[in-house]
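For what it's worth, the working numbering labels the leading residue of the sequence shown as 879, then goes sequentially.
Careful, some of the hints might be misleading.
[To be verified] Result set (PhoX-like, lysine-lysine): computed pairs, CA atoms no more than 25 Å apart in a straight line:
# : residue 1 : residue 2
1 : Lys1114   : Lys1146
2 : Lys1185   : Lys1146
3 : Lys926    : Lys1121
4 : Lys1149   : Lys1121
5 : Lys1149   : Lys1139
Because the hints were derived from the structure by calculation, they are not lab data.
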Amino acid sequence: MIGLTADQIAAEIQTFSDRLKQGAQTLAAVGAIETGVSSREAVYQEDKLTLYRYEPRVENPHPVPLLIVYALVNRPYMMDLQEDRSLIRGLLEAGLEVYLIDWGYPSADDHTLTLADYVQRYIGHCVDVLRERHRVEAINLLGVCQGGALSLCHSALYPANIRNLVTMVTPVDFQTPDNVLSHLLQHMDVDLLVDTFGNVPGQLLNFAFLSLSPFRLAGQKYVDLVDIFDDAQALKNFLRMEKWIFDSPDQAGEAFRQFAKDFFQQNKLIKGEVLIGDQRVDLREVIMPVLNVYATQDHLVPPASSKALAACCGSRDYSELSFRGGHIGIYVSSRAQREIPPAIAAWLLAR
């Protein structure tokens, strides 16, 4: 390999310096980074939770509402990130009536909240609100990632209230060989962590997630950033994603303790041994139609972890939808916008 000359090196440094200057100018003109782009209104609140209804984008939306249950560990505006990358907007345009639970930011006085509070009380109350608002006996439920696991628990305990269930990048078998996050958590002293902090700091968990792919998530993307410094819209989109990545709520201590120990360390969900309050979760009680959506290149929830649902749920109408992409790409990639919302809506509307 022929090395660079001194003049070539100097030219490269000058080009890089010029791009940094351009980036500073572009950043100054970007303005505020908004979160969530679709019109919505709060229809119910309880503690830190807010239930939002999104403004329909068709004249007569389907009468059975769809409730989205997002994970506790990130903010749900990933589902509605920007105008051209919004799974929620795609569902609305397909004719659905869409609601979403925003868990808010737990504070120190929430450290005693348990999974029963989330699965039975919070999700249960939101389901009841929608059943009453729309005068239906059962609603449609879409659970995302950890929110999908919570939705499975709720659906198993209260199957009469859920008409159709969609799980999206949802872990079911938490100990597949390729589950790197699970391997990491096996060695964690969860009791010591929760007893020390009370609520588990969101920044600590975010560091753990980033460490699963450190070169790509904490290095390479910032090197590549210089290539878009002259594009204000691309830079704003990058910053919008960065805002979401680092907007990590603390986790209610007792709920985190149970989820980490029962789901990750002891894999109780697939074994039928999870207790929510005094009720045992048996996935064979998930008897409503199920659509299981997974990403083939998901580094957080490997496909095998999601696809395990087929063998343990009780539904006679079980379908799978695979997406060629990763855990984040399934929400925001341009291909996901074309494929995922229309497929989910078509599946729901057929039932």
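Does Lys1149 pair with Lys1139 here, judged by a C-alpha cut-off of 25 Å?
-> Within the cut-off at roughly 14 Å; holds.
Is the straight-line distance between the alpha-carbon of Lys1149 and that of Lys1121 25 Å or less?
-> 37 Å, violated
Would you mind confirming whether the straight-line C-alpha gap from Lys1114 to Lys1146 stays at or under 25 Å?
-> 42 Å, violated
Taken at face value, is the distance from the CA of Lys1121 to the CA of Lys926 at most 25 Å?
-> Holds, at about 21 Å.
Straight-line alpha-carbon gap Lys1185 to Lys1146, limit 25 Å = With Cα atoms ~16 Å apart, Lys1185 and Lys1146 stay inside 25 Å; holds.
Figure legend: structure checked against the earlier numbered hints; hints not met, in rising order: 1 and 4.
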